[in-house]
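Quick mapping for you: the protein sequence lines, in order, are chains A and B.
Everything in the first sequence is counted per the numbering used here, starting at 1 for the first residue and increasing by one.
Everything in the second sequence is counted per the numbering used here, starting at 175 for the first residue and increasing by one.
Derived by calculation from the structure, the hints in this document are not laboratory data.
You may find that some hints are simply not true.
Unchecked claim - Covered stretches of chain A (in silico footprint by chain B; criterion: 3 or more residues with CB under 8 Å from a CB of chain B, positions within the stretch not fixed):
1) 116 to 128
2) 134 to 148
3) 159 to 170
Backbone N, C-alpha and C fix where the C-beta goes; we use that ideal spot for every residue, glycine too.
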Amino acid sequence: MCNLSGLFRERAGAVSAEVHAFGRAQEALAFLGDFLPREGGTSLWAPGPFLQAAGRPRIPGLAFDVTREAAAAAQVGISQMDWAIAATGTLVQDATTVEQRLVSTLPRTHVAILGTGRILPDLASLLSIVHPDRAACLSMITGPSRTADIERVLTIGVHGPARLVVLLVEGIPS
Amino acid sequence: MRAAFKDSIHQALADPDLRGALGRFSVAYKASRERAYAGLDFEAVRDRVRDVKAHAASRLDELAAAFQANAEARGVKVFRAQSPAEVKAYVSALARERGVRTIVKSKSMATEEIHLNAHLEAEGIQVFETDLGEWIIQLAHQRPSHMVMPAIHLTKEDVAEVFSREVEPGQAPDIPALVAFARDRLRGRFLEADMGITGANIAVAETGSLVLVTNEGNARLVTTLPRVHVAIVGIEKLVASFQDIEPILTALPRNATGQLMTSYVSILTGPLQSTEGGPRETHVILMDNRRSEMAADPRFREALQCIRCASCLNVCPIYRLVGGHVFGKVYTGGIGTILTAWFDGLQASDEIQGLCIQCGACKDVCPGRIDIPGLILEVRRRLVAKRGQPLVQKAIFALVNNRRLFHTMLRAASLAQKPFAKNGFIRHLPLFLSDMTDFRSLPAIAEEPLRDRFRRLVQPPCREKAVFYSGCLIDFSYPEMGEAVVRILNKAGIEVLFPEGQTCCGAPARYAGAYETAAGNARDNIKALLADGPDYVVSACPTCTVALKEDFIATFRSLGMEEDLEPARRLAARTFDFSTLVKRLVDEGRLSFKEGQEAGISTYHDSCHLKRTLGAQAAPRELLARAGVEVREMAECDTCCGMAGSYSVKLPEISAPILERKLDNIQATGADRVVMDCPGCVMQIRGGLDKLGSPIRAEHTAVRLEERLR
Ligand code: SF4
Ligand code: SF4
Numbered sequence: 001m002c003n004l005s006g007l008f009r010e011r012a013g014a015v016s017a018e019v020h021a022f023g024r025a026q027e028a029l030a031f032l033g034d035f036l037p038r039e040g041g042t043s044l045w046a047p048g049p050f051l052q053a054a055g056r057p058r059i060p061g062l063a064f065d066v067t068r069e070a071a072a073a074a075q076v077g078i079s080q081m082d083w084a085i086a087a088t089g090t091l092v093q094d095a096t097t098v099e100q101r102l103v104s105t106l107p108r109t110h111v112a113i114l115g116t117g118r119i120l121p122d123l124a125s126l127l128s129i130v131h132p133d134r135a136a137c138l139s140m141i142t143g144p145s146r147t148a149d150i151e152r153v154l155t156i157g158v159h160g161p162a163r164l165v166v167l168l169v170e171g172i173p174s
Numbered sequence: 175m176r177a178a179f180k181d182s183i184h185q186a187l188a189d190p191d192l193r194g195a196l197g198r199f200s201v202a203y204k205a206s207r208e209r210a211y212a213g214l215d216f217e218a219v220r221d222r223v224r225d226v227k228a229h230a231a232s233r234l235d236e237l238a239a240a241f242q243a244n245a246e247a248r249g250v251k252v253f254r255a256q257s258p259a260e261v262k263a264y265v266s267a268l269a270r271e272r273g274v275r276t277i278v279k280s281k282s283m284a285t286e287e288i289h290l291n292a293h294l295e296a297e298g299i300q301v302f303e304t305d306l307g308e309w310i311i312q313l314a315h316q317r318p319s320h321m322v323m324p325a326i327h328l329t330k331e332d333v334a335e336v337f338s339r340e341v342e343p344g345q346a347p348d349i350p351a352l353v354a355f356a357r358d359r360l361r362g363r364f365l366e367a368d369m370g371i372t373g374a375n376i377a378v379a380e381t382g383s384l385v386l387v388t389n390e391g392n393a394r395l396v397t398t399l400p401r402v403h404v405a406i407v408g409i410e411k412l413v414a415s416f417q418d419i420e421p422i423l424t425a426l427p428r429n430a431t432g433q434l435m436t437s438y439v440s441i442l443t444g445p446l447q448s449t450e451g452g453p454r455e456t457h458v459i460l461m462d463n464r465r466s467e468m469a470a471d472p473r474f475r476e477a478l479q480c481i482r483c484a485s486c487l488n489v490c491p492i493y494r495l496v497g498g499h500v501f502g503k504v505y506t507g508g509i510g511t512i513l514t515a516w517f518d519g520l521q522a523s524d525e526i527q528g529l530c531i532q533c534g535a536c537k538d539v540c541p542g543r544i545d546i547p548g549l550i551l552e553v554r555r556r557l558v559a560k561r562g563q564p565l566v567q568k569a570i571f572a573l574v575n576n577r578r579l580f581h582t583m584l585r586a587a588s589l590a591q592k593p594f595a596k597n598g599f600i601r602h603l604p605l606f607l608s609d610m611t612d613f614r615s616l617p618a619i620a621e622e623p624l625r626d627r628f629r630r631l632v633q634p635p636c637r638e639k640a641v642f643y644s645g646c647l648i649d650f651s652y653p654e655m656g657e658a659v660v661r662i663l664n665k666a667g668i669e670v671l672f673p674e675g676q677t678c679c680g681a682p683a684r685y686a687g688a689y690e691t692a693a694g695n696a697r698d699n700i701k702a703l704l705a706d707g708p709d710y711v712v713s714a715c716p717t718c719t720v721a722l723k724e725d726f727i728a729t730f731r732s733l734g735m736e737e738d739l740e741p742a743r744r745l746a747a748r749t750f751d752f753s754t755l756v757k758r759l760v761d762e763g764r765l766s767f768k769e770g771q772e773a774g775i776s777t778y779h780d781s782c783h784l785k786r787t788l789g790a791q792a793a794p795r796e797l798l799a800r801a802g803v804e805v806r807e808m809a810e811c812d813t814c815c816g817m818a819g820s821y822s823v824k825l826p827e828i829s830a831p832i833l834e835r836k837l838d839n840i841q842a843t844g845a846d847r848v849v850m851d852c853p854g855c856v857m858q859i860r861g862g863l864d865k866l867g868s869p870i871r872a873e874h875t876a877v878r879l880e881e882r883l884r
């Protein structure tokens with residue numbers, strides 16, 4: 001597991017995701033308490049097991065009622081991921097409910113929370129455990145939104161989030 | 175070739191921005207693709223992609239039906255469209271019924287193929303492309319010039335100009351600012367659009383799922399925000415099972431952009447939940463547009479293995495010079511030539527098929543294992559079959575087979591170059607030994623061809639026999655290369671025979687689409703070469719070797735000449751290219767090189783056919799190293815030198831800059847010689863070096879090695 005999380009961190013970092021690891025849920029929440037107000041604007045946290053277990057943390061600007069208007073106006077979107085792929089630095093989520101998609105597409109910054117134990121080695125291992133019968137929309141996210149359409153110059157943040165912050169947390173519910 | 179086509183080539187060649195951008199990209203691409211495949215076995219990955227796609231191509235109809243059943247069971251409307259007109263009618267009717275005023279689109283080649291935007295706009299609907307490159311192209315009223323990077327031909331200045339003119343004045347040519355501007359302007363479009371249109375990179379029959387891949391994240395917005403989603407999917411995107419996604423999703427990002435994974439991949443099954451809460455209305459249009467016909471064609475079925483990664487463009491020495499617009503249609507480059515022949519009709523590819531120099535670089539990297547040059551040749555063959563072979567060509571191919579007469583005429587032509595060149599005859603010679611190309615010196619035609627000099631060669635008694643197949647160039651221009659081969663083989667105890675009946679290998683005819691002539695050549699050669707029951711048949715020309723080993727069989731197959739296959743296979747089995755045979759003799763201890771002497775620095779040029787068709791890149795290098803030659807590699811050592819039969823005569827404006835780049839790469843090594851296994855490459859490169867007045871010598875490996883033999 002340790003190796004997988006190391007590899008995931010390296011690969012996600014290589015595609016400009018910012019990865020932070022926490023030993024306990026409390027530390028991740030403390031990080032958010034610090035991070036969100038500094039980002040400014042509003043933040044929107046989509047439902048998920050971790051959020052449920054944590055109760056609705058009180059952080060200035062943080063809201064939980066995800067609508068398209070709220071997502072379009074938010075500076076930060078927060079959601080919990082279901083799996084990750086170490087080999088490619090990819091986050092994977094069952095994004096069947098629309099809230100999950102809104103918070104990870106519209107805001108400028110996306111904070112993705114992942115239980116450390118959810119990291120799989122590669123794409124093949126992911127495809128062997130997910131199935132469309134169980135997830136109508138499977139979203140895979142590898143780094144922030146990017147383009148190289150003008151002169152092949154890599155530019156971060158076109159239509160999706162310009163910043164992807166990954167919180168790897170030990171022992172959270174999934 | 176029409177003047178308009180030549181003009182478009184000249185325009186592209188004269189555009190320094192285009193050439194700069196494409197040239198730089200091709201270098202960067204190669205490195206990033208290699209990095210992306212680190213630790214993976216590309217050949218194994220592409221075997222799996224090929225298997226999955228070939229399997230699907232063999233049962234398109236069944237998979238389309240299964241997709242329809244499975245997607246509809248989940249609440250998606252599926253429409254199977256035969257023609258572009260049906261797709262357009264369906265989308266406009268739906269838009270009308272749903273009161274759609276604006277549409278956002280994510281990138282889809284299928285909709286480009288049928289010019290959907292123009293159709294919808296004519297109906298009064300506003301359509302916004304949201305992929306940055308596509309949006310730029312749409313605003314500039316152009317066609318994409320590349321499947322993955324539609325606007326690669328434009329500079330930031332061009333983009334700023336287009337934005338300023340079409341959207342809001344005053345945009346500066348600053349890339350981050352231009353990207354931010356696009357984000358800002360398109361954000362509102364996503365939010366207000368009534369309908370979202372996407373393509374799909376994969377469609378899974380078993381589950382009715384669509385896989386969408388984007389780096390910008392626009393497809394996620396297009397499939398999340400509007401109240402209606404329409405996916406327009408070419409049926410070649412179908413795969414049988416959910417697990418089939420894996421090899422394609424492994425190859426696509428690595429081959430397309432050198433990424434391990436594209437930023438956003440969505441696997442959508444059934445209607446998504448809309449932002450209003452309920453299931454969002456979702457339509458999938460499975461578009462045929464001649465794909466089933468392609469699948470039914472035994473030669474072209476493999477073109478459906480394409481995953482639209484565009485690597486065949488990225489590595490193509492022609493594409494990197496002229497870009498995509500010269501191809502004139504939506505699909506560009508090698509695969510574009512093939513797709514155009516189907517989607518726009520055979521005739522539409524008449525000119526662009528001639529752009530392919532047959533170097534095989536694309537075939538080497540294609541994740542679908544498509545024989546792109548082979549299919550382009552087949553397009554050419556069908557064009558020739560349809561319109562008939564030009565008379566002058568027929569006359570020339572007849573002449574080529576009368577070897578002595580042919581030599582006499584060539585010799586006369588080379589002595590009296592100008593007058594012959596003028597009467598327009600010699601420029602059509604398949605040997606292209608001819609003319610007026612002002613960028614390289616012409617090879618002299620030897621006074622006496624190898625076939626006549628051969629009779630005077632004294633050979634020691636030997637226990638084995640090899641037949642030497644010279645090919646035109648060695649026979650008529652470079653007999654010394656043939657003599658070097660004889661002396662080397664003699665040293666290893668092999669007597670060399672030169673059957674008089676050998677004739678042209680048929681490559682010029684084959685590459686001109688004249689398969690009947692090529693088949694005649696093949697028959698004559700097989701008879702002549704096998705007559706004496708040789709232990710080996712050896713050639714020092716890779717193009718000829720490929721003809722003997724592969725093309726004879728392929729030509730007979732194309733023409734359904736079943737009874738000729740057996741002898742062709744017998745010949746193929748004992749045919750060797752020079753370096754591979756000599757390497758074997760050295761390994762067996764039958765040949766050795768002088769020791770203790772430094773033999774200078776050489777750089778090695780990989781000839782297209784030797785490396786890519788025969789896979790012999792290690793043998794010549796190892797031989798040179800054993801002979802005491804220091805081999806100093808040049809950049810792009812395996813990129814075509816621009817010599818490809820009549821190509822350099824028909825399209826000298828393209829051949830010349832390819833050669834130029836090759837010469838630059840050779841000179842940059844500081845080597846005193848450039849060595850290669852192909853007499854055609856020697857002719858091209860030696861001519862180019864002479865013209866530059868360079869002291870670097872261009873030599874055939876056989877000549878270089880012979881000096882160093884013990
Ligand atoms: S033909 Fe091969 S290399 Fe070219 S786009 Fe298709 S899959 Fe890619
Ligand atoms: S064979 Fe060479 S010239 Fe022809 S399409 Fe492929 S890469 Fe281009």
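Structure-based check of all given hints:
no.: 1; hint: 116 to 128; result: holds (count 4)
no.: 2; hint: 134 to 148; result: holds (count 14)
no.: 3; hint: 159 to 170; result: holds (count 3)
When held up to the earlier numbered hints, the structure conflicts with none and fits them all.
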